[in-house]
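Whenever a hint applies, use it, and build me the whole structure from the sequences.
From first to last, the protein sequence lines are chains A and B. The numbering used here numbers the first residue of the first sequence as 14 and each following residue consecutively. The numbering used here numbers the first residue of the second sequence as 1084 and each following residue consecutively.
Hints listed in this document are in silico derivations from the structure and should not be mistaken for laboratory results. Keep in mind that the hints are not guaranteed to be accurate.
[Said to hold, decoys possible] Listed below are the simulated DSBU-like cross-link pairs for lysine-lysine, each with C-alpha atoms no more than 35 Å apart in a straight line:
1) K1090(B) <-> K626(A)
2) K1269(B) <-> K628(A)
3) K364(A) <-> K395(A)
4) K493(A) <-> K1296(B)
5) K628(A) <-> K1296(B)
6) K1262(B) <-> K559(A)
7) K1296(B) <-> K556(A)
8) K1384(B) <-> K626(A)
9) K611(A) <-> K1275(B)
10) K593(A) <-> K556(A)
11) K1100(B) <-> K628(A)
12) K556(A) <-> K1262(B)
13) K1368(B) <-> K493(A)
14) K86(A) <-> K32(A)
15) K1384(B) <-> K1090(B)
16) K559(A) <-> K1201(B)
17) K628(A) <-> K1262(B)
18) K628(A) <-> K1384(B)
19) K35(A) <-> K86(A)
20) K1296(B) <-> K552(A)
21) K202(A) <-> K1269(B)
22) K1275(B) <-> K559(A)
This one's a predicted model, so the numbers in the text were calculated from it and none came from an experiment.
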Amino acid sequence: MGFSNIIVVDNLPVVPPEKYEKLENVVRKIYSQIGVIKEGGLWMPTHPETKKTYGYCFIEYNTPQEAELAREKTNGYKLDKSHIFAVNMFDDFEKYMKVPDEWAPAEIKPYTPGENLLKWLTDDKARDQFVIRAGTFTEVYWNDARRAMPELVYQKQYWTDSYIQWSPLGTHLATVHRQGAQVWGGDDKFVRLMRFAHPQVKLIDFSPGEKYLITYSSQEPSNPRDTHRVVLNIFDVRTGKVMRDFKGSADDFTTGGNMGVSGVSWPIFRWGGGRDDKYFARLGKNVISVYETDTFSLIDKKSLKVENVVDFSWSPTDPIISLFVPELGGGNQPARVSLVQIPGKEEIRQKNLFSVSDCKMYWQNNGEYLAVQVDRYTKTKKSIYTGFELFRIKERDIPIEVFELENKNDKIIAFAWEPKGHRFAVIHGDGPKPDISFYTMKAVNNNVSRVSKLTTLKGKQANALFWSPAGRFIVLAGLKGFNGQLEFFNVDDLETMATGEHFMATDIMWDPTGRFLATAVTSVHEMENGFQIWSFNGKLIYKISKDHFYQFQWRPRPPSLLTPEKEEDISKNLKRYSKKYEQEDLDVSNQVGELERKRRTQLQEEWQGWVAKWKQLHEEERAYRMELRGGEESDKEEEAEYKEIEAEELVDVTEEIVAFDLDQE
Amino acid sequence: MRPVLMKGHERPLTFLKYNRDGDLLFSCAKDHTPTVWYASNGDRLGTYRGHNGALWSCDVSCHSTRLITGSADQTAKLWDVQTGRELFTFRFVAPARSVDFAIGDHLAVITTDSFMGKTPTAQVKRIAEDLQDQTEESALVISGITGRINRAVWGPGNRTIITAGEDATIRIWDSETGKLLKESDKEAGHQKAISSLSKSLDWSHFLTGSLDKSAKLWDARTLTLIKTYVTELPVNAVDMSPTLDNVVIGGGQDAMNVTMTDRRAGKFEAKFFHKILQEEIGGVKGHFGPINALAFNPDGKRFSSGGEDGYVRLHHFDPEYFNIKMLQLR
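Right, dumping it as structure tokens:
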């Protein structure tokens, strides 16, 4: 039983007994606003001789949470110019008193070699891993497509309290528990690499380069009229050290600016500037707060002020932010999209937009293009039509091209850029079977790059787009109401490779190489839980049922170490490289065939053993059975005898007199 | 194979049985009226009227003269197959469920459910040649089982009675003394209620289907577990082909337990497994609801399925079915 619900408030005015009651009332008023002060919990000691106060007091609450909150809120509170509250937890005094006077150097621990965290990338069969969570188990498997089965790497029951997540480059697996988060990794077993303490943590997020981990918790307030208390910690993944924390009420962290949307959208902090993990930013009221990881504080110590900003988005590769400000004053101030360069915060491109009802921003994954989908009201305000502003980020002056579908009244159901490519796909239309159109950004017209349509597929049962991470191929999927229709489409040749179906599929995920597709039915549905693995061209390789199926996640891969020139060389000479692997594949499948044959022969032989035994017993009991049947010899259970009976039926009898020509003999 | 659809029952099917010659098919359903059909074309021959409750199972004597039925109206009845006349009623104090004639048709085992404090029983009744001599007296009563007994059948040579039911355990009893001889292994056996049981023609082994989404093959004399077939849905009905090494398994979740609204129409499957290799070889879709009854025709060329949707479907196998070679690899 500690004193964790008591705080010490220092730097109070030193007052004589006459002013004592007034000071006490002031202090009580301040501190009872934050929590309920225990009965007799306010004590301002006085000097026994002078009767003046010492200048500090003790306040006792009912719970440590209230005390902690009071400390936070009032530490640094200016009562007046010369009295600024210094508030501490009572327990902290003891802690600081214990610091020894002598400095003792830290003990040097012997070197223990770390785990090889990248071992999984050296699989000689070049397989990818994935993790699944079903029931109480979390299991990591190799996707062994050659043998059409998953091979278990590691499994553990109750590995996590809530969910699991790979780090963005696949090095770690993070688990979430009541006391905080943990990361695991290693060669074949998963050892715990680091713990991150954060009680009641609910959500986590890695920085793209895996240097940092952000954890988030939201506490129920003790007073129901208050908002939730939010705590965010940013940890250094390797050392486990807290680099920065953010605390506040849930209101401080809700996005939506002036739209008054309540509720936190995760991740609250969005990382920017590619894999260097240099910047992270969040949306606030009329500001975008951008922090740099050199100092873990705001760039130039202040946020970027953008009046009425409602949304922003980082380029995936460069330190550029795109942001959107909606229309104001009934059209007096138009909406606008801006691109801002970080850290300088210069606006490098912007465009005003008119009659905007809504806006969505889509970055292509190499940071080359930004598509801004703009929904506009027609003049009558009765219907909405959609246009796109296409920014070519890497070209000089960032040209913007305005683009509309052939039928601009078509509702946009989905939009997706081709990863690493120059194309995009759009699902559009109002009926039950929308159309899907493909466009390229690289059609040239008068030396200027223009967007141009490649094709439109009409009347498809699809409502979601899944490009292969390597580009070139796409899966057109019909989720929810379409019950798991899948179409595997080749965008280079503009033709369908195959169609398939995973009834009731809820999630569709490509492996990081783009060779395989996983489709899953999670526990959102009561039955048919499990997942299926397909090849990129639509061949079903295997399926696994798992009851209470919660999560499926491919293990991400770090970017290739090959230079673009080397990659092109391999592409060109693919036949030469693939010969070697084709032979290997053939060997493996022959092996599989051999093993399978052996297994089947063995099962057959075993069965023949049973059959022979049964036959023998059956024979032995034949006499007994005859008796049961009252002497009947019919044991004909196994063979039915079909006798063919010739039946002769008299059809007709007629008499005909035939004349004989006796002369013609 | 285009199936013949037989809609004669108003309520879900519960049981199907072919006679030994394979020319008649008997169906039981929750609608009180067992029905007999021509097995070749699905034409309905007639119905047996007299029960006041759902029918749970039936059996037919080896010369197709007598039919015995078990019903929720707490009776089991004997009928003349050809005329439909009700010959005799066995009355019980609880709903009757499973019925099975012994070899020779002079004995039948009938099970009763637990009801108003009475525990489930399996009762042996003598079936007289001459109706005049028929009594309701039980030759043997097996009790002491706590879960509902879904199926009770005669073992090889009528020496034993095999029971299976809600408590997922199969038991072999001595048919003379009623003594418990064997119990199935709890670990290896079914983990949820056993819904169905089908004997091989020579009584040497039998197949059980369970709500634990699997079917298991057992030796009838030693109760050794020989094979397990795993499916994705709770199993309601099973049967073994009389001529080939196949088994058929059917099931699906009970309509009452389903919370999903988007069900596939007509996609409930009867799944066929290779009996020895335990692998799925194919399926026949078509029912609009869970499959509750399955039966192979004794000629091995046809089979019928009965569903929650009230339909009986009669299927002829395609020629390819007879040519499935499992030793050939892809």
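Results of checking the hints against the structure:
Proposed proximity of K1090(B) and K626(A) is contradicted: the alpha carbons are some 43 Å apart, above 35 Å. Between K1269(B) and K628(A) the CA atoms are separated by roughly 29 Å; this keeps the pair inside 35 Å, and the hint holds. At most 35 Å may separate the alpha-carbon atoms for a hinted pair to count; K364(A) and K395(A) meet this at roughly 25 Å. At most 35 Å may separate the alpha-carbon atoms for a hinted pair to count; K493(A) and K1296(B) meet this at roughly 26 Å.
About 31 Å separates the Cα atoms of K628(A) and K1296(B), which keeps this hinted pair within 35 Å; it holds. With a C-alpha separation of about 41 Å, the suggested pair K1262(B) and K559(A) falls outside the 35 Å cut-off, and the hint is violated. About 17 Å separates the Cα atoms of K1296(B) and K556(A), which keeps this hinted pair within 35 Å; it holds. Simply put, K1384(B) and K626(A) have alpha-carbon atoms about 27 Å apart, close enough for the 35 Å limit, and the pair holds.
A hinted pair counts as satisfied when its Cα atoms are at most 35 Å apart, and K611(A) with K1275(B) qualifies at roughly 33 Å. With a CA separation close to 28 Å, the supplied pair K593(A) and K556(A) stays within the 35 Å bound. In summary, the hint linking K1100(B) to K628(A) is supported, as the alpha carbons are separated by about 25 Å, within the 35 Å threshold. Under the criterion of a C-alpha separation no larger than 35 Å, the hint pairing K556(A) with K1262(B) is inconsistent with the structure, at around 46 Å.
Restraint check for K1368(B) and K493(A): the C-alpha separation of about 23 Å stays at or below 35 Å, so the hint holds. For the hint pairing K86(A) with K32(A), the CA-to-CA distance comes to about 25 Å; that is within 35 Å, so the pair holds. Taking the CA atoms of K1384(B) and K1090(B), the gap is near 22 Å; set against the 35 Å cutoff, the hint holds. Proximity of K559(A) to K1201(B) is assessed by CA-CA distance (about 39 Å); at most 35 Å being required, the pair is judged violated.
Distance restraint check for K628(A) and K1262(B): the Cα-Cα separation of roughly 27 Å lies within the 35 Å cut-off, and the hinted pair is therefore satisfied. Straight-line distance between C-alpha atoms of K628(A) and K1384(B) comes to about 23 Å, which keeps the hinted pair within the 35 Å bound. Of the pairs offered as hints, the one joining K35(A) and K86(A) holds, with about 22 Å between alpha carbons and a cut-off of 35 Å not exceeded. Restraint check for K1296(B) and K552(A): the C-alpha separation of about 27 Å stays at or below 35 Å, so the hint holds.
For the suggested pair K202(A) and K1269(B), the alpha carbons sit about 34 Å apart, so the restraint of at most 35 Å is met. Of the supplied pair hints, the one linking K1275(B) and K559(A) holds, its CA atoms being roughly 18 Å apart against a limit of 35 Å.
Hint compliance for this structure: hints 1, 6, 12 and 16 are broken, all remaining hints hold.
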